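Mind docking chains B, W and E on chain R? Use the hints.
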Amino acid sequence: MSILVNKDTKLVVQGITGRDGKFHSGKMKAYGTNVVAGVSPGKEGLLIDGIPVFNTVAAAVKATGANTSIVFVPAAFAADAIMEASEAGIKLVIAITEGLPIQDMLRVTPFLKQNGTLLIGPNCPGLITPDEALIGILPGNIFKKGNIGFISRSGTLTYEVVNLLTLNDFGQTTCVGIGGDPIAGLYFVDLLERFENDPETIAVVVIGEIGGDAEEQAAQFIADKMTKPVVAFIAGQTAPTGKRMGHAGAIISSGSGTAAEKIAAFNKAGVPVAKEPNEIPVLLRELLNK
Amino acid sequence: MSILVNKDTKLVVQGITGRDGKFHSGKMKAYGTNVVAGVSPGKEGLLIDGIPVFNTVAAAVKATGANTSIVFVPAAFAADAIMEASEAGIKLVIAITEGLPIQDMLRVTPFLKQNGTLLIGPNCPGLITPDEALIGILPGNIFKKGNIGFISRSGTLTYEVVNLLTLNDFGQTTCVGIGGDPIAGLYFVDLLERFENDPETIAVVVIGEIGGDAEEQAAQFIADKMTKPVVAFIAGQTAPTGKRMGHAGAIISSGSGTAAEKIAAFNKAGVPVAKEPNEIPVLLRELLNK
Amino acid sequence: MKIHEYQARQLFRKYGIPVPEDVLCYTVSEVEKATRELNRMVVVKAQVLVGGRGKAGGVKLARNVDDAVSAAKQILGMDIKGCKVEKVLVSDAVEITKEYYVGLINDRNTKSVTLMVSSEGGVEIEEVAKDNPEKIIKFHINSLTGLLDFQARDIAFQLFGDITQAKQAASIFTKLYKLYVETDATIAEINPLVLTPDNKVLAIDGKMNFDDNALFRQPEILAMREPDEDELVEIDASSKGLSYIKLDGNIGCMVNGAGLAMATMDMIKLYGGEPANFLDIGGSSNPQKVIDAMNILLNDKKVTAVMINIFGGITRCDDVAKGLIKAMEVITTNIPIVVRLSGTNAAEGLELLKQTNLPTVSSMSEAAKKAIELSRQ
Amino acid sequence: MKIHEYQARQLFRKYGIPVPEDVLCYTVSEVEKATRELNRMVVVKAQVLVGGRGKAGGVKLARNVDDAVSAAKQILGMDIKGCKVEKVLVSDAVEITKEYYVGLINDRNTKSVTLMVSSEGGVEIEEVAKDNPEKIIKFHINSLTGLLDFQARDIAFQLFGDITQAKQAASIFTKLYKLYVETDATIAEINPLVLTPDNKVLAIDGKMNFDDNALFRQPEILAMREPDEDELVEIDASSKGLSYIKLDGNIGCMVNGAGLAMATMDMIKLYGGEPANFLDIGGSSNPQKVIDAMNILLNDKKVTAVMINIFGGITRCDDVAKGLIKAMEVITTNIPIVVRLSGTNAAEGLELLKQTNLPTVSSMSEAAKKAIELSRQ
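Residue numbers (my numbering), protein chains in the order written: chain R, 188 to 477; chain B, 188 to 477; chain W, 997 to 1373; chain E, 997 to 1373.
Some hints here could point you the wrong way.
[Claimed, not checked] Straight-line alpha carbon distances no greater than 30 Å define the calculated DSS-like cross-link-like pairs of lysine-lysine that follow:
| hint | chain 1 | residue 1 | chain 2 | residue 2 |
| --- | --- | --- | --- | --- |
| 1 | R | Lys230 | R | Lys197 |
| 2 | W | Lys1196 | W | Lys1236 |
| 3 | R | Lys430 | E | Lys1163 |
| 4 | W | Lys1171 | R | Lys230 |
| 5 | E | Lys1083 | E | Lys1203 |
| 6 | R | Lys462 | E | Lys1366 |
| 7 | B | Lys209 | E | Lys1365 |
| 8 | W | Lys1131 | W | Lys1083 |
| 9 | B | Lys430 | W | Lys1366 |
| 10 | W | Lys1126 | B | Lys455 |
| 11 | E | Lys1134 | R | Lys300 |
| 12 | E | Lys1051 | R | Lys430 |
| 13 | W | Lys1163 | W | Lys1196 |
| 14 | R | Lys477 | R | Lys331 |
| 15 | R | Lys430 | E | Lys1236 |
| 16 | E | Lys1131 | E | Lys1171 |
| 17 | E | Lys1174 | E | Lys1236 |
| 18 | W | Lys1010 | W | Lys1094 |
| 19 | R | Lys455 | E | Lys1131 |
| 20 | E | Lys1298 | E | Lys1318 |
| 21 | E | Lys1056 | E | Lys1285 |
| 22 | E | Lys1365 | E | Lys1318 |
| 23 | W | Lys1265 | B | Lys430 |
| 24 | E | Lys1318 | B | Lys230 |
| 25 | B | Lys209 | W | Lys1318 |
| 26 | E | Lys998 | E | Lys1174 |
| 27 | E | Lys1285 | E | Lys1366 |
| 28 | R | Lys230 | W | Lys1134 |
| 29 | E | Lys1174 | R | Lys300 |
| 30 | R | Lys300 | W | Lys1171 |
| 31 | R | Lys331 | E | Lys1318 |
Because the hints were derived from the structure by calculation, they are not lab data. Since this is a predicted model, take the numbers as computed values, not measurements.
So that you can see chain R by itself, here it is in the shape it has in the complex:
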């Protein structure tokens, strides 16, 4: 089993004719993801890597039965693309695009809620259920089928840690990059709940970072609701206050959102927090051998 995506996922790529959209459509298809359609207004009729292109998501859904969308369109138009997918009946949207204005996300949120659409991202690397579906810009080769759930706010740090997991023979059920923006779709808690309910997942790794309190909420959720072991890591222990560390969401404001607070919250919830990425597989092994 897995969460959110699997062999039944039928993917439509929004912005398929752009540089990134084109490149990663090929990569995803090569991985084995069922990429059924692309969308690029005005390019209907084109084939990209054998994938048919439509003017609108509605047309793509009608023709191909797509149920999941990935968004590569530029930041200024990404919110509209997300809403278009939602209105066309897509139930899961993965927004890769970086740099979406926060107000756009605030307008998108209630719209998706009304339609019952889930969103991952924006500004995220996507997600993968190894050997079934890769939806995003993740390098497929470092992932391995297994039974660890993985959630992260980062991109390359995800690869770093997943690589360590795979090298240590911890395969993954599903790995989700939830993105580095302050207002995003699914948060840690939403995914922890799904992993808790996924029979195949036996433990979860959570990679947090400074800014916000999603990690604190995750810790609370783990303490209250989870039976499966969780290992955490927090990036940004050395980050100064008031400076945005690359991600729009990675900022310590007025002394809140610090790594120390997040680590304390996880410790209080009984979740071991790795001091450095190398320690993550070690802690995981300890917990699973208990």
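Just chains B, W and E now, kept in the frame of chain R:
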């Protein structure tokens, strides 16, 4: 029985300190309506005719359990007042105020829908369930308890016709003035459905006028869904095209919304249409004696 | 409230909707100068607030200055459905590849602003609706989210296959919606919206109406009002709390309530008379209103009898009678006035009116019959 | 992006939020002139983009022109948390009956703009949150409907019992929300909002931050940017596609990805070193980016060693290595540079780098240890 309002109605009057609000609160209370509260920002603590005044509808609902509201506040602020009532949990709002901008009504509509609030009006005389509750500016003395349902887009024309009904011994279950604006809360169809389901109502009188196609829709509904007899009257047979006959909604645009079209629709649905108000009780008697 | 085409074009420009270059002219010499300056083929268009000016000869193509001068001479001063043409718009006559229709209205049933577009432009949309209803695409806009970009684009793609054309059209839809909402419009039509040979999408003829109830917050729109004579009377009545519309008959009506006022007109007609007007004095027994209303009625020289029809509800008939008595003290006329009082305290009211020598009755039909009879004497 | 108090006041005025009269001054003589013209008691306020200016002595009350001149002399040129005061705002010192707090922020959990108000104004809201959390009223605004009038009024009534005061406050909340949304703000604070003895409600100190991601559509806000030296470097880096933040340590880091960059800094610290910066070069093997990044790193004179940490994902490590080789051809430095390559095609990349004589490793921790070691030589 009755529809929408009865002895269990607990009314809050929005704009109770204004000239009309004050006057009609007294009238409604005198009729026997359970007026439990008034709202007028900044006037909390006041008593009007023994009715306690609150700053906000939320406070009024909390203190008195009000479940129905009547709005007398000026047109520029009426939409906000309607939404305030809805947000405070009021399930039926009667908006007497005349002159609401249409765009305000368009914004109010989805807001009320989300909260499950029903609206009667704006620009309406209100409604009455004789001997139980009068909510509006209708003259209580002309109504009489009975088993005719009554729906009208007009004010004084309602009184004219109801007076004829009462004089001819046709009492009423509930009489509703739905108002003369193009975009309003409940339309004929919504109320016909309720009268059809009300065991005490045996026949319905519908008073339409030029503009829009609410009468055509009513005719269709009667043909498709109603078992009870209906008598209709349409005002404005002599009205010219393009001129607004007092009510914002009473206008024949591009030759549609004419009295002739509406009369034809009712005739097609088997609903007799009175040529003048005097004929209404005559037609009603004929139908009920069949 | 209606505005002229040239005013609609001003609003379009303000919101970034492309329209051809134009000059508003009041005289033939202004038309000559404007055409010379535009230095292109132009269209001379009558600016009147009624429809059907094209069929009436109020729109003429002019290939050169002489053509334009001769068109202006014909159009200026022309009468179109009772409106005298006092100004014309001299507009760049763009070349047209295809015409489309775009309109926004408030839809009563869905309670939403509705965008209607059609590939059948340049003709009246009512005709398209009758003959080719499948050629009209309707989209109901959610007032909370507004018209979203992808929605505008989807609709544009249904008219234009080409992306650069569709993008221009989508942008026009979005801007027109913004204009519509921000100005409290009730109609905003672009007919035709045209495609030119060089792939430009432009608004040619614009029509906009506005919500009278919202004019209090639309000073810029209100400033565009150019009422004709009849409308001036209506606006004057409105400022006195009266709702008045002039008709063609001879029996003046004064009624409390709009629905009852219409029913009164209908009844006069039903009994063989011709109503002279719609007049709703509202729910008040204020003598000043009765005086104002009577003055408006008597200003209409066609009126040969007046029917006052009052149903007392919250307003008591005796109060109305007192108002009428005061009003009759300052009004001098020999036109017969029939008064009908019914409802709350009608008996007391009718009793009071005996001192005035006005014919009084207690039913509406009686009043109508009496007024018709007196109008013929 | 941050703006000064005087700029926030400009925006407040534009949106109709009442603020005291003021004059921005760069010199003591300007302060003297401004105080003379205002002809009232004034406050002289340092305009710096850091908090805590009050405690640092950057805000002084002046009863007369002499006071103001002496305050200006003390404040202009003062250093507040590393910021030199280059301008002061001379503001009418209104009499204050009571101080309140009003703030708008984006709330991550409810995914909404949240209005926070408190009767405890004039102190930092974080302190109120810690000591008297019950004194903060929070309201989550639905982005589809905006802040409705009745909602603003309800909240205002929780601070002000009097209706005229509550109405003024409600109107300020509504206007501040409009300003916040229309300018893509991330913080809008009025602290304090004050009530004066003559029952006026005014905004005294204003603080606004804006969403960097939205500056592309906010030219007016962008024009208000007044970056300090460090920020100029950050903005310059950003224009080159790099995300750079200067820190105080001596080990320069160049990393692909923000999370990994933070983890790299943390690891350096964990192993006893001090990171000199945060630097994310994004997902590209473009040699120009590596050159630009290296130039920024080496401009920091504190840097004694550089750690390049690349995890190849979609970006292949051999491509990154080629970029590095090209970059090293144009960069001359004797500062040691440790390169870590891991992930896709790491072996090939490390092989290629042998020609550069750069120390190469394949794990992050090894790289951190090596860089620390080299930095101490």
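For each hint, the structure was consulted:
no.: 1; hint: R/Lys230 / R/Lys197; in the structure: holds, 20 Å
no.: 2; hint: W/Lys1196 / W/Lys1236; in the structure: violated, 49 Å
no.: 3; hint: R/Lys430 / E/Lys1163; in the structure: violated, 38 Å
no.: 4; hint: W/Lys1171 / R/Lys230; in the structure: holds, 25 Å
no.: 5; hint: E/Lys1083 / E/Lys1203; in the structure: holds, 17 Å
no.: 6; hint: R/Lys462 / E/Lys1366; in the structure: holds, 19 Å
no.: 7; hint: B/Lys209 / E/Lys1365; in the structure: violated, 82 Å
no.: 8; hint: W/Lys1131 / W/Lys1083; in the structure: violated, 35 Å
no.: 9; hint: B/Lys430 / W/Lys1366; in the structure: holds, 28 Å
no.: 10; hint: W/Lys1126 / B/Lys455; in the structure: holds, 20 Å
no.: 11; hint: E/Lys1134 / R/Lys300; in the structure: holds, 22 Å
no.: 12; hint: E/Lys1051 / R/Lys430; in the structure: holds, 22 Å
no.: 13; hint: W/Lys1163 / W/Lys1196; in the structure: holds, 11 Å
no.: 14; hint: R/Lys477 / R/Lys331; in the structure: holds, 24 Å
no.: 15; hint: R/Lys430 / E/Lys1236; in the structure: holds, 19 Å
no.: 16; hint: E/Lys1131 / E/Lys1171; in the structure: holds, 23 Å
no.: 17; hint: E/Lys1174 / E/Lys1236; in the structure: violated, 33 Å
no.: 18; hint: W/Lys1010 / W/Lys1094; in the structure: holds, 25 Å
no.: 19; hint: R/Lys455 / E/Lys1131; in the structure: holds, 28 Å
no.: 20; hint: E/Lys1298 / E/Lys1318; in the structure: holds, 28 Å
no.: 21; hint: E/Lys1056 / E/Lys1285; in the structure: violated, 47 Å
no.: 22; hint: E/Lys1365 / E/Lys1318; in the structure: holds, 25 Å
no.: 23; hint: W/Lys1265 / B/Lys430; in the structure: holds, 18 Å
no.: 24; hint: E/Lys1318 / B/Lys230; in the structure: violated, 76 Å
no.: 25; hint: B/Lys209 / W/Lys1318; in the structure: holds, 24 Å
no.: 26; hint: E/Lys998 / E/Lys1174; in the structure: holds, 18 Å
no.: 27; hint: E/Lys1285 / E/Lys1366; in the structure: holds, 24 Å
no.: 28; hint: R/Lys230 / W/Lys1134; in the structure: holds, 25 Å
no.: 29; hint: E/Lys1174 / R/Lys300; in the structure: holds, 24 Å
no.: 30; hint: R/Lys300 / W/Lys1171; in the structure: holds, 27 Å
no.: 31; hint: R/Lys331 / E/Lys1318; in the structure: holds, 29 Å
Hint check: violations occur at hints 2, 3, 7, 8, 17, 21 and 24; the rest are consistent with the structure.
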